[in-house]
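The task is to assemble the complex, starting from two chains supplied on their own in separate frames and drawing on the hints.
So the sequences go chain by chain: G and E.
Start counting at 1 in the first sequence, then tack on 462, and there's your number in the numbering used here.
Start counting at 1 in the second sequence, then tack on 7, and there's your number in the numbering used here.
In case anyone wonders, no lab produced these hints; they're calculated from the structure.
Treat each hint with caution, since some may be false.
Between beta-carbon pairs, the in silico distance windows are [as the list claims (entries may be wrong)]: (1) E:G49 x G:E517: 32 to 42 Å; (2) G:K488 x E:P68: 31 to 41 Å; (3) G:G521 x E:G35: 23 to 33 Å; (4) E:Q24 x G:K531: 22 to 32 Å.
Which bits of chain E does chain G cover? Going by a derived footprint, with three or more residues having C-beta under 8 Å, they are [claimed, not checked]: (5) 39 to 53; (6) 102 to 114.
We treat Cβ as the ideally placed atom computed from N, Cα and C, and that holds for glycine.
So you can see what is in the structure, the chains are spelled out below.
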Amino acid sequence: SQQGEEDPQALSIQEGENATMNCSYKTSINNLQWYRQNSGRGLVHLILIRSNEREKHSGRLRVTLDTSKKSSSLLITASRAADTASYFCATDNAGNMLTFGGGTRLMVKP
Amino acid sequence: DAGVIQSPRHEVTEMGQEVTLRCKPISGHDYLFWYRQTMMRGLELLIYFNNNVPIDDSGMPEDRFSAKMPNASFSTLKIQPSEPRDSAVYFCASSSGQRTDTQYFGPGTRLTVL
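This is chain E alone, in the form it adopts within the complex (with noise of 0.2 Å):
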């Protein structure tokens, strides 16, 4: 399996701008998890799914976040309109069974928000 896959890997913008990221989870697996990590507030979980259904979206900073999950096999996490304080690395992960089991994470998508 090519494990979690996740587009792009970097991306710059300027403020205002929207961003979309890709995630591709691991085939078979049925809880996919979206994190955010900066130097300042470490790794923090923004949103997560069960069978492509949203179960807590609590993470979300504001209302310019929003993922969606249209089948098992994608997802996308998108920030309209972008700002500066955006800019992190935002990880795609993906298990099978409990939503507590073992989480395998894609590479990250650097975003910077000029």
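Isolated chain G, as found in the complex (with noise of 0.2 Å):
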């Protein structure tokens, strides 16, 4: 199974919004990371944060992470079209491996 599950599955919000998608997991990590998949690419990685780190930003990305709830949640602000991609939480499983979770497609309607 699935070691990072993202919520919600899809997403559609307008230009200007802003965009929360959450990432919950079932084991102890020590870091959880975001990539982002346009349309027919490959995944690009957006942020990392550690286990011991409870908020991260990168431009208009906030990322938070809650271990004790073993949930992390992506803000993109003041989101354009050029957004509309999947989003995806990847865990490390305690260092053993990373697990991408099933994504969330986020539609910016201009």
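If you want it as structure tokens, here you go:
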């Protein structure tokens, strides 16, 4: 079974709005990563947050991690049509292997 | 750096044929991963190499699948014989340092088996 599960599976918003995606996982982790996949392309790494970190920012991206709840969220502020993509969380399963969730499909309407 | 390179980008073949997918990882990366992505099963890890040595092939679905890494700059994933259920997008990714560090993905090979 997948270690990380994203929620929602699909999200549709208007340009300029914020988009929030969540990831829940089952076992302890050393780090959690978020990736983006544009249609027909490979995954691209966005951000990595370690288990001893609670929040991390990168441009319009904000990632939080709550290890007590085994969950993470990815917030994209002021979304743009170019943000339309699938977003995946990946957890390292306590240093064993990187396991990807099923992804959230984000549609940003202009 | 050109990033991870995969070829071909698209492959259409008939059931029973042999298919070979190729990957060139980022220079200096010592981990290489092969994934398969389908709508039904999502992204699945098939096999990964460390310093050209296969470490875990437990994700390889059947004996029809095999992978090699003869040197640090080249890997192949072979399916023989191919079946329609093998139709998917196959990704190669590489990373340096730990096996759980950031992975850099290639553009993928879209395989269609008729």
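Here is what the structure says about each hint:
Range check, E:G49 to G:E517: Cβ separation about 27 Å, and the 32 to 42 Å hint is violated. As the Cβ distance of G:K488 to E:P68 is approximately 23 Å, the hint placing it in 31 to 41 Å is violated. The hinted window of 23 to 33 Å between G:G521 and E:G35 holds, with their beta carbons roughly 27 Å apart. Checked against the hint of 22 to 32 Å, the pair E:Q24 and G:K531 fails, with Cβ atoms roughly 49 Å apart.
For the stretch 39 to 53 of chain E, the stated coverage by chain G holds: 3 residues have a C-beta nearer than 8 Å to a C-beta of that chain, and at least 3 were required. Check on the stretch 102 to 114 of chain E: 9 of its residues sit with their Cβ under 8 Å from a Cβ of chain G, so the three-residue criterion for coverage holds.
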